[in-house]
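Asks: The chain contents come next:
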Amino acid sequence: MSDEREQPAAPTLAARRLHPAGAVLSALDDVRNALFSVVVLIVLGSQSGNLGTILVLLGVVGAAIAVATGYLRWRAETYEIADAAIRHRHGVISPDETVVPLARVHSIDVAQGPIQRIFGVDELHVQTAGGGEKGEIVLRAVSPAETARLRAAAGLPEATATDLPEWRLSPRGLILVGLTAPQLGMLLPLVGGAFAVGNDLLGQQGARDTLADRLPTETGAILLLIAAAVLAAWLLSFLGSLVAFAGFSVTRDGDHLRIHRGFLQRRATSVPLRRVHAVSVAEGPFRRPFGLCSVRLETAGHGSEAAAARTLFPLLPIAGLDAQLASFVPALAGTGAPPAFTRPPRRAIRRYLLPGTITVLLLAIAATVAWAVAWPAIPVLTALAALDGLARYRSAGSQLDSSRLLLRRGSITRRTLIARRTRLQDHSFAQSTFQNQADLADISITVASGTSSKVAHLEATDATTLFERLRPGRSSPSLG
Amino acid sequence: MTHDSEPTGRLPSQARLLFAGRSLGWAVPLVLVAFTGASALETEAPGWVPTAIRVATVLIVLAGLVLEPQRRWRNWRYELRDEEIDLRRGVLVVTRTLIPTIRVQHVDTQRTWLSDQLGLRSVVIHTAGGSHRIPALRPDEATLIRDRIAQLAQRPDDV
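From first to last, the protein sequence lines stand for chains A and B.
Using my numbering, read the first sequence as starting at 1470 and increasing by one per residue.
Using my numbering, read the second sequence as starting at 9 and increasing by one per residue.
Everything labelled a hint here was simulated from the structure, so no lab data went into it.
Backbone N, C-alpha and C fix where the C-beta goes; we use that ideal spot for every residue, glycine too.
Please note that the accuracy of each hint is not assured.
What follows is a set of in silico ranges between Cβ atoms, one per label pair, in the way DEER data are often shown [what the hints assert, rightly or not]:
| # | chain 1 | residue 1 | chain 2 | residue 2 | range |
| --- | --- | --- | --- | --- | --- |
| 1 | B | E14 | A | I1691 | 53 to 61 Å |
| 2 | B | Q162 | A | P1758 | 47 to 55 Å |
| 3 | A | V1699 | B | D155 | 54 to 62 Å |
| 4 | B | R141 | A | L1856 | 36 to 44 Å |
Part of the chain B face toward chain A, derived, beta carbon under 8 Å [said to hold, decoys possible]:
| # | residue |
| --- | --- |
| 5 | E91 |
| 6 | R104 |
| 7 | R111 |
| 8 | H114 |
| 9 | D116 |
| 10 | T135 |
| 11 | A136 |
Next up, chain A with everything else stripped away, as it sits in the complex:
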């Protein structure tokens, strides 16, 4: 084993097994997979009596099988570095081999579940540009010393410097993240669905005794139910944020960002800075009043991952955004001066307001015609639609710096996409016939994560200037 250390130039690592904790993890998988069939067997067995005997027998036999297969699988699983590639072999009956060339490895990420933490081992994810959040190769139990050795052999050593820029989410910050979580809005329909299910269940008990039939006569009960629904949604979202962002920290190690997060499942991700083409700044409805925002990384190949996996800062005072970006993603940092957005002209307001408001008004009228009780929807929903349009008008804007492009949009949540000007995947200028007559136009861009942003109804001259300034450069036509 010491051979590899003496030849650091040749990246090899002899084939080896996972830490024995891998056998435990594998056995636990079997137990979990078999749990359902065991429960079914017990239920069937208990009906013919002798429940105790069956239970014990099944438990013993099941555990024995799990341990045996866990051990066999652990024995069959090896990894090595040879011929400039990480090779992973696994499988007892039909062994598979996954080979990832070292040149394709973007990072070796570390995660720790509860079992891994008991044994003090790491779960390693070998990440390439193509893979999702799970790595191309997953090694479920590797001792820290082996992790260091593998990383060294792969040419991706762990950080050694000590005074790296670091940002930590404080316990107070974590509570605030949970309290102001944007997921609240997304969870409400879920809770609504739960009530619909409850409704069905109630409906089965009494012929007409459903929630919907009973409630319109009991306004207090409606309000109580809505309050309960909001509280449940908020609690779920609060707990979800706590689990996702507990212990969140970002460090910048030269040209890599290292992000640690997670409560039950500890995750460590490493992102090469050159792949960060943009960040997306979200000011949610509960955060914006307090000058707070959250920041998400927009990187190539990570576009489809969960929101939490792409988070750079879960909660940040927006006034400190430029300072933090300067430390962690310098290419996207502004000067710290308040942004000076080019905004759509005042005459564009009605284009933001009218289409949505009229649509909602017509729908509300249609609903009232069909169901007279729905009449309050006409003023309420129309007013909300108008406010939404106004908010979208007030958010809209673009700003072009020497190296960055900022596009801001949104109504309830205001989003600013900050992109490296020279790394846009495409940019577009769009104009409808009506916009043409009014001298207005839309500008939209796409960044490498697949995220697009659009600013609608800009002054046509502003849009043209922006469109032209974003061009990669002039050259003579060559074909077409």
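Let chain A serve as the given structure and place chain B on it in line with the hints.
Replies: For chain B alone, coordinates are given in the frame of chain A:
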């Protein structure tokens, strides 16, 4: 629009037939549903209602099969430059998109049964952010453009 260097390449005129063929995808079901519905209403609604539905359907289908393809074809422009691919298209909203050639990941030519009948190919340009399509080109031109973009895109990209 008042850009100083609008793209100049145009799609071959058969593209109109291709666009019209695509409109059939929604036009046929629409005619079936609308005419069945109109017949069903014959006995229940005032006499003018079924007629109005039929006339409206015919007008919509004509717009989809004639006006829309014509306008789409007339508005489509493309141009390849050393540093960018310039596309302009749209019927009601005219959109002009620039794709830096350095951002191109790969290029495909694609064909369907309909495009084969018309002697057309489409060229699909893929970037890390998504894909863009020039929907109708003559096969030799499509191959030329595909190879030219592939050649231009060979400079290393930093994704």
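Asks: Decide, hint by hint, whether the structure agrees.
Replies: Against the structure, the hints:
no.	hint	verdict
1	B:E14 - A:I1691: 53 to 61 Å	58 Å, holds
2	B:Q162 - A:P1758: 47 to 55 Å	51 Å, holds
3	A:V1699 - B:D155: 54 to 62 Å	59 Å, holds
4	B:R141 - A:L1856: 36 to 44 Å	38 Å, holds
5	E91	4 Å, holds
6	R104	5 Å, holds
7	R111	5 Å, holds
8	H114	13 Å, violated
9	D116	17 Å, violated
10	T135	4 Å, holds
11	A136	4 Å, holds
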